[in-house]
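The listed protein sequences derive, respectively, from chains A and B.
Position one of the first sequence corresponds to residue 1 (the UniProt record's numbering), numbered consecutively onward.
Position one of the second sequence corresponds to residue 1 (the UniProt record's numbering), numbered consecutively onward.
Treat each hint with caution, since some may be false.
Unchecked claim - Not everything, but these chain B residues come out facing chain A in the computed CB check (under 8 Å):
#	residue
1	W50
2	F161
3	V165
4	E211
5	F216
6	T220
7	S224
8	R237
9	L239
10	A242
11	L247
12	R251
Source of the hints: derived by calculation from the structure; they are not laboratory data.
None of the values given here were measured: they were computed from a predicted structure.
Cβ atoms here follow ideal geometry from the backbone N, Cα and C, with glycine treated the same way.
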Amino acid sequence: MIALGSLAFLAPVLLLALVALPVLWRLLRATPPAPVRRRFPGIALLLGLKDSEREPARTPWWLMLLRVGALALAILGLSQPVLNPDQVTADRDRPLVIALDGGWGSAPHWSRMTAEVRTALEGASRAGQPVHLVNLAEERPDLGPRPANDWLGYVDAMEPSGWLPDREAAAQHITALPDGVSTLWLSSGLGGLGGLDGAFSALGPLTVVLPETTALAIRPPRSVDGALVADVVSARAAEPDLSAVRVNAIGRDASGIERILDTTEVTFEPGAFVAEARFALPLELRNRVTRIALAAPFASAGGTSLTDDGIKRRRIALVAGQRSEEGRRLADPLHYLRTALTPVADLVEPQLAEVLEARPDIVMLVDVGQVPASVEADLLEFIDDGGILVRFAGPRLAASGAGQTMRDPLLPVRLRAGGRSLGGTMSWGDPRRLRPFGANTLFDGLLPPDEVEVSAQVMAQPDPDLAEHTVAALEDGTPLVTARSVGNGQIILFHVTANASWSSLPLSGLFLDMLERISRSVARTQDEAPQLAGATWAAQALLDGRGNLRDVGDRPGIAGEVLEQEVPSAAAPAGLYTAGERSFAHNILRADTVLAPMQPPSADLVRSFTAPSQRDLTSHFLTGAIVLLLIDILATLALGGRLKPGGRAAIGALFVAVASGFPGTGVQAQDDVRATYATSETVLAYVETGDAEVDRISRAGLTGLSLALTRRTAIEPDPPVAVNLERHELAFYPLIYWPITDRQQPLSETAAARVDAYLRGGGMMLIDTRDANLTTGRDGPNSGLLQRLAGNLDLPPLEPIPEDHVLTRAFYLLDQFPGRYIGPPVWAEASLAPETVDGMPFRTLNDGVSPVIIGANDWAAAWAVDETGNFIRPVGRGLTGERQREIALRFGVNLVMYVMTGNYKSDQVHVPALLERLGQ
Amino acid sequence: MSEAAAHLRARAEGSARSFPALLARADRLAMTIVPGAHGRRRAGPGEEFWQYRRMQSGESAAGIDWRRSARSDATYLRQTEWEAPQTVSVWADPGASMDYPQGSETKRDRARLLAMATCILLERGGERFEVAGAGLRPSSGRRQLDEVALALDGLTSDREFGLPVPPSTPTAAQVLMSDFLSPGPELEEALARIGESVTPGVLLQIIDTTEETFPFDGRTEFRSVGGGLVFETQRARQLKAAYQERLEERRAMLLAFCARTGWRMAVHRVQEPSRKALTWLYAAIGGSV
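Chain B with its partners taken away, still in its complex shape (with noise of 0.2 Å):
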């Protein structure tokens, strides 16, 4: 066996191990949620009875409903409630800014998590949904569910910060899951360009208490989690309130965002419970679905 095809094997088997663990929690994290009935509410192509109606010339007598047309002198056809999937395209911020707080649950985990969980509940529903960036194609069922989950695992970047993607197909609906602390020009840029197409979407903002309470002092040397950027302060608890000031002026522009958009926002700490945050998303997302 080729080094090569060795570290493959590798990376596969650890994938494979994290993989139906984050399925498994995820799929627990989902059943808690039941989704409701969720049709077009108009006639198309789909399972569920929606009317009969009298055939018009030019239609396919394949679509007549023979039963119901025997009843009378009129020839019906039998529609069915169109259930167009929705396509859902789930974006996990994969920047190293994710990897922290150290030692316990990070926010990547939680992202991936929710990520996830949203897929599943996507599935359930019957909707087409992918991850963004990681060159799947939207699709539905246990498969793709799979794939997903084999994305998440991927989902890494060399980068500081990760930037939202745009979804694969220009009408998704998007769900964007970041702690949106890259430095703000750049994340404007890129949220102004996914903003550009008007289709629906919501921001989740996993972030750690500690990002909103800067509880340091003394004489600190900060550094990104890659350890690409450093900052040194000789008493950060002076820091404290300019720092929160910022993170204000963050989710400012970022609700600004959404009132331009239409789009929803909330904010998920990672200390909070995962099922808090999947309810939001559930319901934002079939809301703006």
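Excised from the complex, chain A in its bound form (with noise of 0.2 Å):
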């Protein structure tokens, strides 16, 4: 190999004949171009006239240049030349052992590893080598040395999983290979060695390929003053240029689908090992939050960090003094705060002397008086532990005595005998209004609304210590909320009611945000481990390296010990487990894990990831060559005048059509024709599958929906087209048809986006897994397949589409969507229920079309016609089977129309006429 630079040749060999070039030279010029021939009668005068002037005929030396110049190319190109040679090509004679970190340490830049691994494997496969695959992440790696070729497949398939792997049994494993290899290590550069080195240097020259940087990880999110904190732990004290990660909150939203609720960017100050991620949401999305992920490029199952119980909503336990009247609903003592704590908490209503089983973080006892003996011990160890107790006012508080004489431990002030009452019909005095909140108290930042008004309240007795505990105030000083931290808790008193009996507050804004304060406050440590032992914990979903969440089959479940101990591993990997109502979130990172770098071996046997991988550049020359042999025949050809008008033309026609080849500008093209095509008139589309058959009847059938769309309704459709949702642009299509084939390949992620903006920005699509014939209860064989394909597409939910759907009476009026077969029910987007109309903030979209319409039942076979306008398949048998047909067309009539007009025939305004109509 012989290298210039980043060219290097394969077989220099070859290169010895670009000194034949010179002699080429000289042979070349002396052979005078060919003479054109001519068929002329008037020869006979020529005869014997002599040529005046003995023109040297020699061949242009541009010409020459041409030629000589192919031939160089062409010895080049044929002397194997190759851009950015293989480094990794020293060692040829040994057999390959390419030991890779399947981790999730290797997921960033785990292209980059696998590119380097084929190019392992390509140099092997050139050299005869035979090599050995281990993926250290395995448990069990297959040792078995197998040509490279073999290989190559393999590593296509490989992903990063979602552990690091454990060097040390790795090292125990690959004891078994055969001595005198050559190995070649693609670490992530995370975690300690483990032995591994040195086990690879006892079987003979070892290179460790270490990546610039290493993975980030993300520690399990914690809540500080309301926020959701995350740290990200670099590996490496970070350079300035680790700097804007993206780290995202992903939940799902209101309509259950799963999307990223917010975005950040952390910053690592140079040096830094840890950077905080921090979320300011409110309440109710922070509780939506199922993990905190990195963002590509740092993706991987350490830069995933699952939410489980800890980060979920509080749980409050609402105890009422007393029972709640039937039928009075307003007056009922806890129907605020259910109202109020709904979105933000989970809520339980226990009896008195069973209020912590709920294991509530906040406690909140509303009118309660005298609290048992039993339960008050329970609940001062639950204060003591970071619970919150939260008391409300009531008559029966001012009744009971509780606190009037001795402080009650239960209570935060002293109470006075009786309470007052401000504004009645037997009082003095006008209601009272709130004062401003102090600052550094619970409330600071509250603004106190004018119309809350106090008009009763239990009174403090004037303690001197009253002031302090003292957390919002009535105009005159009067406490109306004290507090008292005990212990790591608090108790809060209310000095009101919990209803609007005694004041307005319940009735105001203040009240709700006044209970956020309250129970975000809650300082609970939550159980590090929660007793995890002793329970079997069963999988609910898996992260995979590159940190998306897998859906497990059935896996065995997992004693709590080894999730306690381990960090996640191939026994144990990390993911979501539940053990009965509880969760357990198995993350890479606790919230004290240190990510180790890897320390290398020693420096001389490290090197990076070669840049770019080796290019074989002997197509390219051969190419060069050939383009200068055919510019040389034109120039003869021209030279020798025998390029004729027409033979230019359709040379120049020639170039034309190999550029065009090139991709780029064809298909810019052809993409604006396609544009222009669909956006000049309205025109159907169907999803293009690769089968041959299906794409036809796709065609037909939209054809035979088009001519009966033309023929009877105002919509006149230009013929069909096929799109195909990897490629082409959707949004010119009002409705596009899409056939499900088990040969259907799971849409990319660009595709399912670009169907997702479709559906949302108001397309339609009409699936169809024409099964119906092959089913007799609900699914059929392809809608498993369809299932698999809406994994990852935004839909919405789904119901069979009811009688009164738009669908039904949008041109014709009809009860059922036959198609070449009447199966199971059609499936619509799910209609809202009535109550849900208002102020739903999500899924209002496309004028409530449906985005899709999902059924078995062949309609395109139904609708097919041929050139003729003959109908293709067959429907059914004899007169049922026209009517059938009839019925199909119909359908896609009124599919066609609910499309474009929406829900323009579920309008009120038409019922009247709609009823009369049905009664007739």
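Please dock the two separately framed chains into a single complex, following the hints provided.
This is the structure:
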């Protein structure tokens, strides 16, 4: 091999042929250009004439240069030039061991890593070396040697796993490898060596490839001052360029679809190991967060932290001293609390004696007088442990005399006997308003609105420490809310009732804010390991190496002890586990884990990724030579005067054709043509499945439907087009028909995003599994496929099309939707329940038009017509079949009408007319 | 059907195909010329009345015009103007060199067209005509026209250059159509042989403009149309002047021949309208006959 900078020749002997080029130059000079042959009758007159000037018949120098250049290129091309030759190719005699850290630490540089492996495999393939490819993250890696080419497919299928390789165990395994191998170890740069370097070195020469950067990881999030905070951890001291790392908080939105709820960027201080990602989310959103994850390019299992009970909603126990009276909802002592707290917390309403069994974070006692002694002891322990006890006053508390003579341990202050009533018929004075909240109190920063008036309250004894326990007070200084810290917790007393009988506080927005402040102030330390031991935990979802949650198949449960001790490993992968009602997020990093960088064994063994991989230039050189020769042919023809105008035009056309054969311009132009066509008229579209017959029927079906539409309605579509979800823009088509075949590949992320955008932007897909004839029950064989496909689509909740759906009367009145078959119900987006229509923040999209219609009736086959307008596929038998086809066409018409006019027909205005018609 | 017969039939059909076209074209061309009066201006066999003459003794009584004789005492014969038809032999060069320029109307096409049109005009004038070298007997009438059309259609030769053929009747006037580009000595010899008989005639040199302008350049290998002659030059443009000089010499030789024999000569280029040539031919033949 000869190397010239980044260019190298693998067969340099052939370069000797370049010496022959000058000889060729001379030879070429000696040969005149071929004469032009002409038929000419006047030749008899020419005979005997002599050329007056013997023009030396030389090839022009530039033509010779062209030819010599072509030959030089051919010689260079045949001597196998490569750009950026591999460095791995040093030791060709020994078998090659490629060891790969297949854990999550490699996920951010997985593509480069596999490219490196592929390069090494190609090198080994050229040299004929046998290869052992060892994925260190596997529990029992396949150690057998195989030809390098056999591994290539395996490399393509490899994915990083959700745990770091256990190098100590691997060091044991690889002792089974034969001696005398050379090893290439692609490391993630994380974790201890575990003696693996020694084990490899014992087998033969070792090269360690370390990435320049290591993966980042994230610690479980915690609540700080109402914000969600997660530490992003780096194994190495951060360099200045490690900035703007995006962190996503991911959770389900109101319609249950997983979305990125919030995104923040963290920047590492130079030299820092930890940076804080802070999400200031409203409590309601915060409670929805299911995981915090680093965005690409740092996405990995370690960069994902799942949340379990710890970050979930607060559990609040509500206890009322007085049973609610039936039918008096607004007077129910708990009504306002329930309404206020439901969005932000889990509410339980146990009996007073069992109040702590539900493991609440906050206990609210509403107008409870004396607490039984046993419960009081438990409650005190609960408060001491960080719990919060919130009490509301009321007639019972006032009458019970609790805390009046001596301070009740469950009350923050002593109370005076009786209460006071203001502004009533039997009292003097006006209802009192609130005084602004003091600085550094629980409610600091909230603004008391004017309309809050207090007309009755229980009074506190004016003890010397009353002022310091007062959190909120009325204008006259009498306390409204008092609080006392006990141990890690707090006791808070509202001196008014929790309903509107004593004050208008529960009616105001302030009440919500105050309750939220209180619930946020819970500083209860979570059980670090929530009693893992003793239970068998079943995995609900597991993290793959890239930080995606995967459904688990049937995995055996894992004993709690295993989860308790181990960092995630092959035996207990990271993920979400449940046991009964408890859930546990088995995260890669615990709250205190520090990422350890791998200490490279010795510097001379280590190298980085080969920057760009080797590129074989042979084809480029040979192509260049051929192009030069083609030019030479043209030039020779032109010189000989034999290039006729027609020939020139043809050659020009050839060049244009060749040029347009290159990707880019042609595709762009094609896209433009497609867009112009699709937007100039209404055009129905179908998804190309790759199955020629299905595509043909789809096209014919939409043609038939277009024909029916043109004949019967004001919609006159142009001939349908095929779309490829992976390549084409969808926004132009009002309706896309998507037949599901068993060859359907899962959508790529871009395609899924495109489909999502299309559906959200008002498009509609008619998804047809076409297997209604194969099924008697609900699901045909293709619906499983559909479910997998829909997995990464943002589909709304579905329901079988109800009787009163607009589709049943958009143009024709229909009661069923047959295609070629009459199958299971056809599904559309679930209609909104009447009471949730108002104030629904999501999914009032598309004017109420369902973005998908899903069925199995093979509609296209029923609609399909050939060029002459005859139906292609039989439907049913005889007249019944014809009727069924007619209904199928009517369904198509209705569907397109529905797409085009939206919920127009569901307008109430039409109901009387429709009823009248139905009645006839 | 035997193979030979099939071949013959195929050829016949091929000929018949082009035959009406040629005839039609030539007819159309000939229509453009209205022949004027054409008589011998002396008594002889004919249809036009020429004179009454007194009968002399010894003459056949069959010639007496009885009506005229009855008006006087003398006996008169009715004489018609002599309309002895002239024989014209038309020769169109059958040589391969006439197949030029390739791709458009060739010199051969033009020669055939003009020959045919000439024959049509002759037929209208009542002359007898033939195609030299085709083995036809000089004759007149529509039937002879068909024969001529067939003969012209089959008029090809393996020779590179055609040489003028003497007419079957030595007294026939001659129309020679050729490019007259055959090697000089042969042509001169053939012309001399024809010029021996003191018949009138015309030469029409049908030629392509490229044969006059010689618009060639570069290294060129010239071949005769039949491929028999090859001439290679390194720079064709250099030869232009010499070639044109030789062409002039050839024309001078033809003119000298004409001066010697009293023939007339014209040059007709394929690119020119054929009517021009036909008009000239008509006048020239009329003059020399």
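Checked hints:
1. W50: Nearest chain A Cβ about 50 Å off; hint violated.
2. F161: With a closest approach of 7 Å, the B/F161 hint holds.
3. V165: Since the shortest Cβ distance to chain A is 19 Å, the answer is violated.
4. E211: Interface hint status for B/E211: holds (5 Å vs cutoff 8 Å).
5. F216: 7 Å, holds
6. T220: At 5 Å from the nearest chain A Cβ, B/T220 passes the 8 Å test, so the hint holds.
7. S224: Check passed: Cβ of B/S224 comes within 5 Å of chain A, closer than 8 Å.
8. R237: Not OK, violated: B/R237 not within 8 Å of chain A, min 10 Å.
9. L239: 5 Å, holds
10. A242: B/A242 check passes; min Cβ-Cβ to chain A is 5 Å, inside 8 Å.
11. L247: 6 Å, holds
12. R251: Result: violated, 11 Å to nearest chain A Cβ.
Figure legend: structure checked against the earlier numbered hints; hints not met, in rising order: 1, 3, 8, 12.
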